[in-house]
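Enquirer: The primary structure of each chain is shown beneath.
There are 2 protein chains.
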Amino acid sequence: MKGLKLWIRAFFLIVFATLKMALPAQAPDRSPDAAFIREIYDQALSDGRCYPWLKDLCFEAGHRLSGSPGAEKAVQWAKAALDTLGLDSVWLQPVMVPHWVRGAAEQVQLTGSKKYGAFRLHALALGGSVGTGGKALSGEVVEVKTWEELDRLNERGIRGKIVFYNRPMDATKIRTFEAYGGAVDQRSSGASRAAKYGAVGVLVRSMSLRLDDFPHTGALRYDSAYTLIPAVAISTNDAEKLSALLREEGRATVSMQLDCQTLPDVLSYNVVGEIRGSEFPGRVILVGGHLDSWDVGHGAHDDGAGCTQSMDVLRIFRRLGYQPRHTIRCVLFMNEENGLRGGREYAREAGRKGEFHVCAIESDAGGFTPRGFGFDAAEGVINPFFEKVSGFAELLAPYGLALTRGGGGADIGPLKSQRGLLSGYAPDSQRYFDYHHAASDVFDAVNQRELELGAASMAALVYLLDKYGL
Amino acid sequence: MKGLKLWIRAFFLIVFATLKMALPAQAPDRSPDAAFIREIYDQALSDGRCYPWLKDLCFEAGHRLSGSPGAEKAVQWAKAALDTLGLDSVWLQPVMVPHWVRGAAEQVQLTGSKKYGAFRLHALALGGSVGTGGKALSGEVVEVKTWEELDRLNERGIRGKIVFYNRPMDATKIRTFEAYGGAVDQRSSGASRAAKYGAVGVLVRSMSLRLDDFPHTGALRYDSAYTLIPAVAISTNDAEKLSALLREEGRATVSMQLDCQTLPDVLSYNVVGEIRGSEFPGRVILVGGHLDSWDVGHGAHDDGAGCTQSMDVLRIFRRLGYQPRHTIRCVLFMNEENGLRGGREYAREAGRKGEFHVCAIESDAGGFTPRGFGFDAAEGVINPFFEKVSGFAELLAPYGLALTRGGGGADIGPLKSQRGLLSGYAPDSQRYFDYHHAASDVFDAVNQRELELGAASMAALVYLLDKYGL
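Going down the list, the sequences are from chains A and B.
Here the first sequence stands for residues 19 to 488, where the numbers follow the numbering used here.
Here the second sequence stands for residues 19 to 488, where the numbers follow the numbering used here.
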């Protein structure tokens, strides 16, 4: 009977083990966390500062391309605003930044159309473009939608001409950043790839899903192996019009005069403020955005929103009297748009000081309604990190937040080698590219509640990371 | 040894049963559904019609309060648009509707303030309000935020005065409809509750979370036991100003002149179009919105969006050559705003014809980015119904859609007694009350992609309901 008893014992042990495997572990008591997160949202929605701050930034500094007077004003404004919060420290971190200037307004026009005569295109020089040397540059337009078409046309089809890149962003992508990713190579590398075949200039269809008259600028990268040729973005409406005209009339000629140039580097700053951690002062949880913008509109969504949300995270913690275990730091990076010098300098300096970034969260996708956070980290650590933050999902779901793999931000990218966690705040993306890098990116395009909900969402994630670590 | 063998057998049987209980059932092959839903979104986002339709509706019919020429134009426009789609039938369903008219613009002004002198308030008569009989009505203003305050003031504090309801929507609610629900009683029943104590008129703080100059109208309901007194909404900015003035100066007097009146009922129509079901023609899946609006702005979000999305659902199915098993019907209801006559008549007629509505889906929460669907049904059927649709969750999640309990729509409410499923399309709610019932609810406030994504989301749900039934 001893054998039978052992069998019975083994039987129950295995049944219990199987059941235990299959059932979820006892849930920890989340109610104090839920209550504190609720306080964060209450504070952000009833007494938030990011919206009035954004208004000040937009109207006092205005647009603020690296090296411009607007950028300098923004640095001083942001430091002064952080100085009012009673933080443990606020400082400016020096960094040399590129200084590209647009100069006089672009003159880009279609000439000699049978149907339209001459008409002016809504155009903006791409950031970093060379100018046309004080005179107009003229050429026949060749439209291409793919690199294969460009390569097929080759020298023979392209030499002396102006290449017109007209591949639209793919409207069927649900996440508009994917659509952007599938088209932006035209803007970033189109000039040099056309110059390789002897083109004299480049027109690029604006990176926008909307049909309207706003040209959208953005950085280009020249390949120094080829002649540097001028490049402009034209509005989506004008791209459609020009394409139709090429079909109808068989040919089109464009003249362009750009006054832009690159001047010597300028001293500028990342603006930093922090609440020192009581237990782990050398372990940092970072929230940030970039303070520079393009030189049109207000740079309200890109990225005034991310800056003022990050500032409000610190203010919310101070207002609620929360003493973090880790250092919580707000960093407003300079020069994300055309150089990333601020992000690189920040990571270098952090390395010199031996600071470890537990998590860096960037808000640089607009001030829209929250949808969640994306997470990234070095191979080997991302799996346990993501498993850890997935434990926060239930607490964040009531606020419409989903936690996903993949994400981050340009400015925090250089911190990846520290092997901490990186996170990109992910608001709804549907309207972002309507405003991105265009004169339409103004304060009025930002909704107060959507902006405030973003600040609260970031603060909620920071709170959980601070409490539970990684 | 036989006993032992039986034990061993029982042991394995129980271990397997335990494991089976604990593991999810084998997932059905969802790939054809996923592929078809992808086609629906592709069609809506690359070739959608709801946005140009909305533009036509807003600019050709304009605003369209029940009984107005705009409403009549909208009926004709919608029928003509549905007629182009090659549906199985399109018809007008007659219904008598109330006919309230605003008349000449409201004159509402604060008089005799020490600080401001006289100033005009941004005001709109509430829908259904009586007028002031061709002359101005004047009274001292009494501010209240709660019903308890009103009751405490009583006859003595209220007789001969104008009651000013100034309880704001609660900004800390994440779902703005909850904030609306917590404040709208002031608008709907404030007039009669003040008249009970002898008030001569009513000012109501607009139902909006935004501080701006737009007054937001909306229906009031008089209690016939008390005198019908005139009632207007004032803008949130003016409500703040008036409240501050009462604090600073101790008293305020307002004069109001309203020209509005209720005329005899008018013949109008629900507009209906359908694709007949091949297997269950008498079992209907309904998509709809309401065609009437208030008499300011364009009624673009409320509810031009829902109407044109519903129309686009039928177009998408026709365009993709989809033959439904159930009848798929688009209903544009008349008179949601101030009577619900269209919704009631529709349900009555459906009852007479013996039609069963498997599911009725209403889009009446604006043309914003999709967040999901809410579901409701009669007690006794909601649980199995919700369990069934929860099975669709995985297919809809890639499009940002969550399925939740609770929801529906005013127009489809009368169908609840059929004991089918009701669903409210739930877009993001953050911006809705910025525009709701105000002159700011214009075509330009609607984003094309957000609108199109809604149409696709509704079509995706209809497809799954049609394929799997309830």
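Fair warning: there could be bad hints in the mix.
Note that the list lumps identical chains together, so a pair holds whenever it fits in one copy or between two copies.
DSBU-like cross-link-like pairs, simulated, lysine-lysine; straight-line CA separation at most 30 Å [claimed, not checked]:
| id | residue 1 | residue 2 |
| --- | --- | --- |
| 1 | K91 | K214 |
| 2 | K73 | K133 |
| 3 | K371 | K73 |
| 4 | K73 | K191 |
| 5 | K191 | K97 |
| 6 | K406 | K163 |
| 7 | K153 | K73 |
| 8 | K485 | K191 |
| 9 | K73 | K259 |
| 10 | K434 | K179 |
| 11 | K485 | K132 |
| 12 | K163 | K133 |
| 13 | K91 | K406 |
| 14 | K73 | K91 |
| 15 | K163 | K91 |
| 16 | K132 | K259 |
By construction, these hints were calculated from the structure, which means they are not laboratory data.
Remember, predicted model here, so these are calculated numbers, not experimental data.
Enquirer: Compare the structure with each hint and give your call.
Expert: Results of checking the hints against the structure:
no.	hint	result
1	K91 to K214	neither (40 Å within a copy, 58 Å between copies)
2	K73 to K133	between (44 Å within a copy, 28 Å between copies)
3	K371 to K73	neither (35 Å within a copy, 58 Å between copies)
4	K73 to K191	between (32 Å within a copy, 24 Å between copies)
5	K191 to K97	neither (39 Å within a copy, 32 Å between copies)
6	K406 to K163	neither (44 Å within a copy, 45 Å between copies)
7	K153 to K73	neither (39 Å within a copy, 43 Å between copies)
8	K485 to K191	between (37 Å within a copy, 25 Å between copies)
9	K73 to K259	between (36 Å within a copy, 21 Å between copies)
10	K434 to K179	neither (43 Å within a copy, 67 Å between copies)
11	K485 to K132	neither (69 Å within a copy, 54 Å between copies)
12	K163 to K133	within (24 Å within a copy, 64 Å between copies)
13	K91 to K406	neither (41 Å within a copy, 58 Å between copies)
14	K73 to K91	within (14 Å within a copy, 42 Å between copies)
15	K163 to K91	neither (41 Å within a copy, 43 Å between copies)
16	K132 to K259	within (13 Å within a copy, 59 Å between copies)
When the structure is compared with the earlier hints, violations turn up for hints 1, 3, 5, 6, 7, 10, 11, 13, 15 and for no others.
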